[in-house]
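Chemist: Below are the chains, spelled out letter by letter.
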Amino acid sequence: MVDVSQHDLVPDHSVVDEDDLEAVLTEYEIKKTDLPKIKRTDKALPDDAEVGDVVRIVRDSRTTDEAVVYRLVVE
Amino acid sequence: MTAHDVSADIEAVVEDTELPRRLKDEVYSTIEERGVGVDDADRIAKAVETRYLDTRVDPLDPVGTVSAQSIGEPGTQMTMNTFHYAGVAEIDVTQGLPRLIELVDARKTPDTPMMTVHLDEEYATDRERAHEVVWKIEATRILALGDISTNVADMLVEIDLNEDTLLERWPTVNDTDAIAEEIAETIESNLGVSTRQAGTLIEFGPEEPSYRDLLQLVEELREIVFKGIEEITRVVIRKEETDNGEEFVLYTEGSDFGEVLDIEGVDASRTTCNNIHEIYRELGVEAARETLINETMNTLEEQGLDDVNVRHLMLVADIMTNEGTIESIGRHGISGSKDSVLARAAFEVTVNHLLDAAIHGEVDELDGVTENVIVGKPIKLGTGDVNLRMGTTQD
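Line by line, the protein sequences are chains A and B. Take the UniProt record's numbering: the last position of the first sequence gets the number 75, and nothing is skipped along the way. Take the UniProt record's numbering: the last position of the second sequence gets the number 395, and nothing is skipped along the way.
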């Protein structure tokens, strides 16, 4: 099986813990469900991600060095 | 901590600004090149910072509309129909407007699917070994291997395999008989007939003598894939310059991203494909988003429209991948799933949307732009979203 995370097109995905998540949500004044989504079956998801978790994605940005985005894991 | 050769003071001055890393680096290299002093460096950094802060998007700016216009206008200058050639030798790739439409419509399969296959180091530098991978990818059918003839008198299909081709396409096997045997087995398992094989000659026929069955067998024989991946009709091998020397890169007509990644010798970290759905399936939404941006940008660049800012394309890709899957722009995708009835009706198939909304008793909150334009209210963007109120006390 190919290791998906090794591919150049796949940025780093990691599960965000409760405290960090709280900080992010208050910073942007949003609810968890307002975040962009990612499917539970997504190949790039870390193994320990479950529905309802939020993953932090660190992209190599075209406009700055790195862009951090968050996606909510959904069914 | 910069790689540039500037004094600590200058570094402190530049680091003090709100600029992103990339701009800071550019400021450093300019300062280094011109050899300016600390005071001038401070002024440069401040000026760049002011300009940077000025060019940021203001709150309530209609970024979506601006993106739509910025992609739409150059779109009018694109060729309506281009086939043939896309910077890649001899491979037909859909380009221009048709390709752009295909991308934003998120078609299940592109008109001309293709892959760019990079190879692992040992394969990428050696032409022989690169060819090994080529034959693992390109679909080999019987017509490429030898001549077929039908012997009507004995009701037999006769295949005369070409030895040179066999050796070329099975570079790891040296014995043509062994290869012919493998081919005969493939035929048996696919067509359910028993074959007779002697050297590079293979013959077989229908169970009951029947002219129709005989022709049927020949038809089916042509479809069998003996080696390689069914979808891939052709592979072109090209030598390309890289940062450290040269390497062979394969371009394929047809695509099967998942299969190719598993093939030995293929570099699974750089190989790409122009079908965003295949990328999505194998690598996830984030990779699909990247590919969308790359493909749209390349399509525009190919037509000399590279002055479209990537940010617009990034916005489009963000919206298309927002739900965790790939959604198309348009009636069946983003525009069709808007909350507002009026916004949907304004886009396409007006009557259907209004009728359905009436039947289901939908309510329009008049939150968006389109709805408010329709009812003649100010839109909630820019100054339209700001309310002024007169104070009640005097002082």
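Please note that the accuracy of each hint is not assured.
[What the hints assert, rightly or not] Straight-line Cα separation of at most 16 Å, EDC-like style, residue types lysine to aspartate or glutamate; simulated pairs:
(1) Lys227(B) / Glu203(B)
(2) Lys377(B) / Asp367(B)
(3) Lys32(A) / Asp19(A)
(4) Lys39(A) / Glu128(B)
(5) Lys46(B) / Glu90(B)
(6) Lys39(A) / Glu327(B)
(7) Lys239(B) / Glu122(B)
(8) Lys32(A) / Asp9(B)
(9) Lys239(B) / Glu128(B)
(10) Lys377(B) / Asp364(B)
(11) Lys37(A) / Glu323(B)
(12) Lys239(B) / Glu15(B)
(13) Lys32(A) / Asp53(A)
(14) Lys43(A) / Asp367(B)
(15) Lys37(A) / Asp367(B)
(16) Lys37(A) / Glu128(B)
[As the list claims (entries may be wrong)] Simulated restraints, written as ranges between beta carbons of each label pair:
(17) Lys31(A) / Gly37(B): 48 to 54 Å
(18) Arg141(B) / Glu75(A): 40 to 46 Å
(19) Arg234(B) / Glu29(A): 52 to 58 Å
(20) Glu66(A) / Thr55(B): 53 to 59 Å
(21) Glu182(B) / Glu66(A): 47 to 53 Å
(22) Asp58(B) / Asp34(A): 17 to 23 Å
(23) Glu29(A) / Thr50(B): 46 to 52 Å
(24) Glu365(B) / Asp12(A): 35 to 41 Å
Keep in mind that the hints were calculated from the coordinates and are not lab data. Where a beta carbon is used, it is the ideal one built from N, C-alpha and C, also for glycine.
Chemist: Which hint numbers does the structure go against, in order from smallest to largest?
Modeler: 1, 4, 5, 8, 12, 14, 15, 16, 20 and 23
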